[in-house]
Amino acid sequence: MTTATTGSPTGADEVIPVLTRKDFVSDQEVRWCPGCGDYAILAQMQKMLPELRIPHENIVFISGIGCSSRFPYYMETYGFHSIHGRALTLATGLKTARPELAVFVITGDGDGLSIGGNHLLHAMRRNIDITVVLFNNRIYGLTKGQYSPTSEMGKITKSSPYGTVEQPLHPLRVALAAGATFVARSIDRDTKHLEETLYRAATHRGTSFVEVYQNCVIFNDGAFDSFADKEVRQERMVYLEHGQPLRFGRGREHGIRMNGYVPEVVRNAADDGGLLVHNARDANPVLASILGEMEYPDFPVPIGVFRDVEAPTYNDLVEKQVADAMAREAANFEDLLHSGETWEIL
Amino acid sequence: MTTESEVQRERAVEKLDRVTIRFAGDSGDGMQLTGTQFTRTSAVFGNDIATLPDFPAEIRAPTGSLPGVSGFQLSFASTDILTPGDQPDALIAMNPAALKTNIGDLRPGGLVIVDEDEFTESNLKKAAYISNPLEDGTLSKWQVVRINITRQNELALDGLPLPAKQKFQSRNFYALGLVLWLYGRSMETTVKWATDRFRRNPDVLDANLRALRAGYHFGETTELFHHRFEVPAAEVQPGTYRHISGNEATALGCLAASIRSGLPLVYSSYPITPASDVLHELSKFKAFGVKTIQAEDEIAAMGMTVGIAYGGQLALTGTSGPGLALKSEALNLAVMTELPLVVINVQRAGPSTGMPTKTEQSDLLQALFGRNGDSPVAVVAPATPSDCFTMAIEAFRLALKYMVPVILLSDGYLGNGSEPWKVPVVDDLPVIEYHYAKPVDGSREFNPYERDPATLARPWAVPGQKGLMHRIGGIEKSGETGDIAYDAGNHHRMTLARLGKVERMVQDIPALEVQGPPEGDLLVLGWGSTYGAITSGCARARKSGKRVASAHLRYLNPLPANLGEVLRNYGKVLIPEMNTGQLSLIIRGKYLVDAVPFNKIAGQPFKIAEIEGKIDELLGLSGPYEFQFGPASVLGGG
Ligand code: SF4
Chain D
1 MTTATTGSPT
11 GADEVIPVLT
21 RKDFVSDQEV
31 RWCPGCGDYA
41 ILAQMQKMLP
51 ELRIPHENIV
61 FISGIGCSSR
71 FPYYMETYGF
81 HSIHGRALTL
91 ATGLKTARPE
101 LAVFVITGDG
111 DGLSIGGNHL
121 LHAMRRNIDI
131 TVVLFNNRIY
141 GLTKGQYSPT
151 SEMGKITKSS
161 PYGTVEQPLH
171 PLRVALAAGA
181 TFVARSIDRD
191 TKHLEETLYR
201 AATHRGTSFV
211 EVYQNCVIFN
221 DGAFDSFADK
231 EVRQERMVYL
241 EHGQPLRFGR
251 GREHGIRMNG
261 YVPEVVRNAA
271 DDGGLLVHNA
281 RDANPVLASI
291 LGEMEYPDFP
301 VPIGVFRDVE
311 APTYNDLVEK
321 QVADAMAREA
331 ANFEDLLHSG
341 ETWEIL
Chain E
1 MTTESEVQRE
11 RAVEKLDRVT
21 IRFAGDSGDG
31 MQLTGTQFTR
41 TSAVFGNDIA
51 TLPDFPAEIR
61 APTGSLPGVS
71 GFQLSFASTD
81 ILTPGDQPDA
91 LIAMNPAALK
101 TNIGDLRPGG
111 LVIVDEDEFT
121 ESNLKKAAYI
131 SNPLEDGTLS
141 KWQVVRINIT
151 RQNELALDGL
161 PLPAKQKFQS
171 RNFYALGLVL
181 WLYGRSMETT
191 VKWATDRFRR
201 NPDVLDANLR
211 ALRAGYHFGE
221 TTELFHHRFE
231 VPAAEVQPGT
241 YRHISGNEAT
251 ALGCLAASIR
261 SGLPLVYSSY
271 PITPASDVLH
281 ELSKFKAFGV
291 KTIQAEDEIA
301 AMGMTVGIAY
311 GGQLALTGTS
321 GPGLALKSEA
331 LNLAVMTELP
341 LVVINVQRAG
351 PSTGMPTKTE
361 QSDLLQALFG
371 RNGDSPVAVV
381 APATPSDCFT
391 MAIEAFRLAL
401 KYMVPVILLS
411 DGYLGNGSEP
421 WKVPVVDDLP
431 VIEYHYAKPV
441 DGSREFNPYE
451 RDPATLARPW
461 AVPGQKGLMH
471 RIGGIEKSGE
481 TGDIAYDAGN
491 HHRMTLARLG
501 KVERMVQDIP
511 ALEVQGPPEG
521 DLLVLGWGST
531 YGAITSGCAR
541 ARKSGKRVAS
551 AHLRYLNPLP
561 ANLGEVLRNY
571 GKVLIPEMNT
581 GQLSLIIRGK
591 YLVDAVPFNK
601 IAGQPFKIAE
611 IEGKIDELLG
621 LSGPYEFQFG
631 PASVLGGG
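Protein chains in written order, with the numbering used here: chain D, 1 to 346; chain E, 1 to 638.
Taking lysine-lysine and the DSBU-like style, the derived pairs with C-alpha atoms no more than 30 Å apart in a straight line are: (1) D:Lys155 <-> D:Lys230; (2) D:Lys22 <-> E:Lys438; (3) E:Lys466 <-> D:Lys47; (4) E:Lys284 <-> D:Lys320; (5) E:Lys141 <-> E:Lys15; (6) E:Lys466 <-> D:Lys22; (7) E:Lys466 <-> D:Lys320.
Covered stretches of chain E, as calculated for chain D (at least 3 residues, CB under 8 Å): (8) 232-239; (9) 312-326; (10) 459-466; (11) 475-486.
Treat the hints as calculated values from the structure; they're not laboratory data. A virtual CB, placed ideally from N, CA and C, is assigned to each residue, including glycine.
Construct all of the structure, not just a fragment, from the sequences and the given hints.
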């Protein structure tokens, strides 16, 4: 995500007024189903944005198609509700043209990983300086209940009455494999964690990818309850913190250690020795990827920032090439038109 | 005009108005270079020129094989010419495969120069010759000149510290030298060019120049040629000229639009033949602030372009037919969100992958209608390679003024073909206007669909502008508030408004011009790269007293206001197209005239003679016209 500069096409630089959550609430009536996890994500986003201290008019939300992609209508910012799977392409074009803008992409498991999968890989590979929030509800909501690329094997849905025979995709592992420089997971019902994660994603330079477990009350209700329910959350989820050992449990009594390439749960680990210490800044994404594969019930489900590394952004590199060329070559259109061999006819 | 350095003239000289030469060889033989150099020399001399390069479909077809043949045809004349010529007068064939694929196009009595050394048993076999055509009399229709080009080249390069393989590659310079001599041209342009081009490689430079001179001097000393030819300079408008291909002109035109509007240009595209050169050209223009993105696919390229337009900059993408198919959904998003952008389509032979290196103009209907819903886009089409410059500027002018996507329909023939171009004066180029939305006073909400009453354009409110935050998207919006709207009346009105913008452009585009009598027996109507053949064919018909006019459409949506009137001024209307009748369908449907389609779908441009033949048929002067498709020739053949 971008740093706070004021840059408007009209040119004026001025003091950024202090904004509040209310400033980001649009006049549109929110049309998600009551109880949908999308509400929580919207609220946390609106709460987080003022903290960025970015000029209001420089914030843009771009979405594709799906329940989550209605998001821009509810944000009092510039917004573009594009077409299925292509939000990232618009974002890439916009951010390349106007690097001073803060561009957010809102997508879902179908939009971002199925129809738009290719673009997700390439945005992350390029390290475009944008923030991608993928609402993962493991189902197609808008089209009324077909399985998605993140639906678990065997899932019974409208389009798989006998159960799916497809392996689900792990969004985070895809992001890590594509070279994303910021990869995180959060969940709709832990609003504090969600807000914090969104903030960290928004302030990271380069592509930030946040998977948010989002409950679809209508077509996949309770998809995350087995581990995310308040009662069991501490036992079945592990919060990742950079530099800290992986510990979970009501009293953080259990831990995770590595046995070669294989993670293991250590029940009642008395001390931290031997436990895996989380390193989000590891240049090598392999360990983060192994964590991304940990699933309940074999493991507690990790949540938090998996990876947060510095790397040159696409936009910085593009701007630098242009600036260098402008400084080096005296661009003269008249000369360019006359380039190559010319001859005079008298 | 440059004066030629002393050229010996001891041989009889035949004066000609126009000569068409074809260089053909293996794709590794450097025939494009030879053709280009001869073209430059003739342009500098003052001839009018038209060229047609032709590349094999395979990037690395086996050496000496038929699919590996590459050719370059050029026509140079002392009069204004519009096509690279129907039938070559001379063919330079560097190997048997090149002879085999091209000889059928050569006019009877024409000159064939062959590299005799290459007519070995194995090369003959690769070219599927059962016996040696140089020996068996099959070439008796033509004047054959057999030269040991390979051997002579070797001798000329004797002693140079280069491997034999590399020496072999100078053969094209030898051939070039010979042909320069034959047509009374100096070596100066090529020597200058080569000296610059190979400055880092003195041995290669030396080899090429030695070969060039050896070829030239061989012409002088040999008795093989009875006479030389001369094509005097043409009467051309005074000014500074250069060569330009359609793809170069397109790129420069888009840059001109950026310079004349003050908006930075951003190009996003996915490599595709024959449009990639536009990407190559534009990516060199960084010092002009041009950004280029090589997208991950065609869809992404189009989506990025929508994002660029949304960001308030000059948004451009380019592709060829199959790519346009992939772009249609995101292009439709630009139609729906009414964002200004330009899509270049350098058409190629289809359907599907078709013949990527061959030309066609069969994407007209795709450009006009190839999207879901009622989805009007403006369509313009350059008529010649250099016209790509003008029409690229036009495309942006219309896009920005009316807030619509515009498709520029070029084709492989225009894109790769080149012609001399009078370099324009920058200050004479049109100023391209654009307007970002004006701020609204606090009393009301900004409505992104509050239209300009004259153009129906909606305001272009771009991120970063204060007080204009709004939401747009692919879902239908209310024309009154900009919010999502499903109500019947609104969709009806918005659909008509999107259409109305394109229709109103008619007030802003030039009337259709007619060449020839304003009334007559026949109007030949064309669009795109058929311009040269149609215009020349009609001019010839008029010379022989026929009441035939031609008109060429550079604006295909909307069509010029006076088109209906023009059509009614002639007894008959003929529409030649390199497709199965796409413009004909439009004209017949829209104007209820009984236009006669004339369709060639051969991956090759029309010949002048074909247009003339069809004109005669329509005027009742001959029977039904039949195409004479030649053998598997690269450049001509029908
Ligand atoms: S269908 Fe599911 S995801 Fe969509 S709005 Fe309703 S609850 Fe939310």
